[in-house]
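J.: Here the protein sequences come in this chain order: A and B.
Residues 126 to 450 in the working numbering are what the first sequence lists, from first letter to last.
Residues 126 to 450 in the working numbering are what the second sequence lists, from first letter to last.
Honestly, the hints are just simulated from the structure, not real lab data.
Any given hint might turn out to be false.
Label-pair ranges, simulated between beta-carbon atoms [as the list claims (entries may be wrong)]:
no., chain 1, residue 1, chain 2, residue 2, range
1, B, Q207, A, R150, 37 to 43 Å
2, B, R167, A, P206, 40 to 46 Å
3, A, S242, B, P230, 18 to 24 Å
4, A, R439, B, D204, 35 to 41 Å
C-beta: ideal position from N, C-alpha, C; glycine also.
The lines below spell out each chain.
2 protein chains.
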Amino acid sequence: MDPRDELLIQLKNAAGWKSGEELSRQMAMTRSAVWKHIVKLREEGYNIESSPRKGYRLADPDLIVASDVLKDLAGGLFDRPQSRFLRQTASTNLDARHLAETGAPEGTLVVADSQDSGKGRRARKWFSPPGLGIYLSFVLRPAISPAEAAKITLLTSVSTAEALSELTGLQARIKWPNDILAGGKKIAGILAEISTELDSINYMVVGLGLNINVPLGAFPEELRGTATSVLIETGREFSRAQLLKAILRDFERRYGAARRDGFQSALKRWRELSDVIGKNIRVETAGETVKGTVVELDRDGALVLRDSRGAVRRFLSGDIIRESR
Amino acid sequence: MDPRDELLIQLKNAAGWKSGEELSRQMAMTRSAVWKHIVKLREEGYNIESSPRKGYRLADPDLIVASDVLKDLAGGLFDRPQSRFLRQTASTNLDARHLAETGAPEGTLVVADSQDSGKGRRARKWFSPPGLGIYLSFVLRPAISPAEAAKITLLTSVSTAEALSELTGLQARIKWPNDILAGGKKIAGILAEISTELDSINYMVVGLGLNINVPLGAFPEELRGTATSVLIETGREFSRAQLLKAILRDFERRYGAARRDGFQSALKRWRELSDVIGKNIRVETAGETVKGTVVELDRDGALVLRDSRGAVRRFLSGDIIRESR
Chain A
126 MDPRDELLIQ LKNAAGWKSG EELSRQMAMT RSAVWKHIVK LREEGYNIES
176 SPRKGYRLAD PDLIVASDVL KDLAGGLFDR PQSRFLRQTA STNLDARHLA
226 ETGAPEGTLV VADSQDSGKG RRARKWFSPP GLGIYLSFVL RPAISPAEAA
276 KITLLTSVST AEALSELTGL QARIKWPNDI LAGGKKIAGI LAEISTELDS
326 INYMVVGLGL NINVPLGAFP EELRGTATSV LIETGREFSR AQLLKAILRD
376 FERRYGAARR DGFQSALKRW RELSDVIGKN IRVETAGETV KGTVVELDRD
426 GALVLRDSRG AVRRFLSGDI IRESR
Chain B
126 MDPRDELLIQ LKNAAGWKSG EELSRQMAMT RSAVWKHIVK LREEGYNIES
176 SPRKGYRLAD PDLIVASDVL KDLAGGLFDR PQSRFLRQTA STNLDARHLA
226 ETGAPEGTLV VADSQDSGKG RRARKWFSPP GLGIYLSFVL RPAISPAEAA
276 KITLLTSVST AEALSELTGL QARIKWPNDI LAGGKKIAGI LAEISTELDS
326 INYMVVGLGL NINVPLGAFP EELRGTATSV LIETGREFSR AQLLKAILRD
376 FERRYGAARR DGFQSALKRW RELSDVIGKN IRVETAGETV KGTVVELDRD
426 GALVLRDSRG AVRRFLSGDI IRESR
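Just need the whole structure built from these sequences, with the hints factored in.
T.: In C-alpha cells form, the structure reads like this:
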C-alpha cells in the first residue's frame, strides 16, 4: 500500500489524536519520514492538524481513501489501477471523459471530495460542497447501440436508490429519468455522457452526485425547497465511503446480470421505484412542454405519454412535473 | 492578415523563386524581418528553400493557407477564429473533439497537411500522407436528437461527392453509409463522432479524409487494390485548397437548407448517389454479418435490408459488400 494511503487510514481509524511516535512504530518509518508524508498530504489538500504534545489528527474523519475503496472492490468491474481519487476537481465527468479518451478501461473511477463545476443534465450545475457528498463518475464501454444507452443510466439509478434505502433506511424513489428523491426532494442526480460513432458506443461516462452529510443551511437558498440530503432526511451522518462502496457493488452486480440475461429485472425494479405510470404530468424537453398521462416506461427506458388529444409520445429524457390533480 | 500567412501566400503565388528584396518591399518590412518570419515558418514545418542569389521558394506550392481558405468562407458557418490549420497532427477528429470540449462553436475547423494516426470508422486507420490529401474535421452542434445524427453524415458525403464531381469531372458515388468511391475504389471516407446526453447532442465532429494528389505507388501495398485518388483517376493534380473550399461551401449551403426545410432534398440526392436499392449485399456490423436485398435507404439514413427469410432489418452503420450476382 502507498505509505500516504496507509497514513490516512491510520489517522482515520484513530478518530482523534495519534502520536508521531505511534505512527512511526506502526508504519515502520522514522518520525521525520512520517512528517514528510504529512506535509505532502497537506499539500494534496488533506486537513491534518498537528500538536507538539498530542501528535496528528485528521480534521475530516469521513474520508474516502482510495486503497480502502479499491480493496473492497478487488477482482471486479471497478478494480482498475487507472482510477483517480481526488480532493478537488472541476467535474468528475470531465475527468472521466478525458481518461476514457486516452483509453481507460471500463470500470475506471473518478471520485472527488469536491467539485468546482459539478455538472447536471442540460448544462446545469450540481452543488458539490467539500466532503459532504459523493461526486463520482465511471467509464463504461458497453457493447450495445447508442439507442440503448438509457438502460445503463436507469441501472445506475436503481443501484443508487437501493443502496441508499438499504444503508440509511430512507425510502428512496426514482423520478424519471434519473433523479433520486427522498421525502419528495432531490437527493441524487445522474448524468450520462456518451461518445459514439453512428451505431456503436465508444464509451459512456456515468456521473453520480449524492448529497449525504449536507446540512440544510449549507445548500444555496434557491435549492432548499427542492434538494435534500441523507443527513436532513434521517438526522444522522453516514460514512461516505460505505455508501460509495455499496452503490458500486450493487451496480457491478446488476451490470453483470444485464450483460448475461438482459435488462429485464433491472427495468422491472426501475418501474417499481419510479411510480409514475398512470399519473398526469408535464414533460419539459429542450424544445417543448407536453402534458399527458404516463402510459408506460418502455423497454428502452423511455417515458411513453398520452397527451390530451390522445396522441402517444415517447421521451428518452426531459424533466417531468406532476400536475396538481 | 498575419504577416506569416501573407508571406506564404506571396511565395505560393510566385510559384518559383522570389527575391528577399521583392518580399521586403511588398510586405513593407525589412529584409531581416522577412528572414525572421521565414525561420519561424520553417520551424512550423513549411519547406521553404533559400538561395543567396535567387531568394526564397516554397518547395510545396499546393499549400493550404488558413487566411486564404477563411477569406473564401467569410461570413458563413465556417468563419471561425478558433479554427486550426496544422502542418501535422495525430488526428484532426481528436483535435476537433478537444476544441469542442472546450466550447468551440459550430463551424470550427481543423485542417492538417498530414496525420500520424488518421482515424477511420471502427478504430481503423486512414492513410494520410503529407500534402497529398485533405484531412479535415469540423465541429457541429445541431439541435437534433442523437438518433438523427446519421443525416448530418450523409449530408457530408453528398457534399464531398458533388464537389469532387464538379471540380474534377470524376463520377463520384457514395457507398453506404459514408464512403466516397471513384472508379469503384475508395477515394474519401467520413467519420462522425458524437458526444451526447441521452436525447440531445452536445457536439458532433465530422471528419473527412480525401485522397487527392496521391500517386498509386505512395499507397501502402495492402490498400492499392481498394483505394484510389483524384490523381490516379484523372491523371492530373488538383489544388487541395480549391477542393477543400468547394466541399465546405457545398456543405454550408446544404446544412443551412436542412435546418430551414429538413433533410429531404439532401436525402434524395444521397439515395441517387448511393445506387444500392434492390441490390443483393452483405452487411457486416461489429456483431454480425447479414445477407439480403436492399429495400430502401430510410429517412434517417438507415439501410433497410430484407434477409433470405424475408425478415426486414435496419442498419445505421456497417460495411456493405456487394454479392457477386
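J.: Taking the hints in turn, state whether each one holds.
T.: Hints, one by one, checked against the model:
1. For the pair Q207 of chain B and R150 of chain A, the supplied restraint of 37 to 43 Å is violated, since their beta-carbon distance comes to about 58 Å.
2. The hint said 40 to 46 Å for the Cβ distance between R167 of chain B and P206 of chain A, and at roughly 43 Å that hint holds.
3. Separated by about 20 Å at the C-beta atoms, S242 of chain A and P230 of chain B satisfy the suggested range of 18 to 24 Å.
4. For the pair R439 of chain A and D204 of chain B, the supplied restraint of 35 to 41 Å holds, since their beta-carbon distance comes to about 38 Å.
In summary, the one numbered hint that this structure violates is 1.
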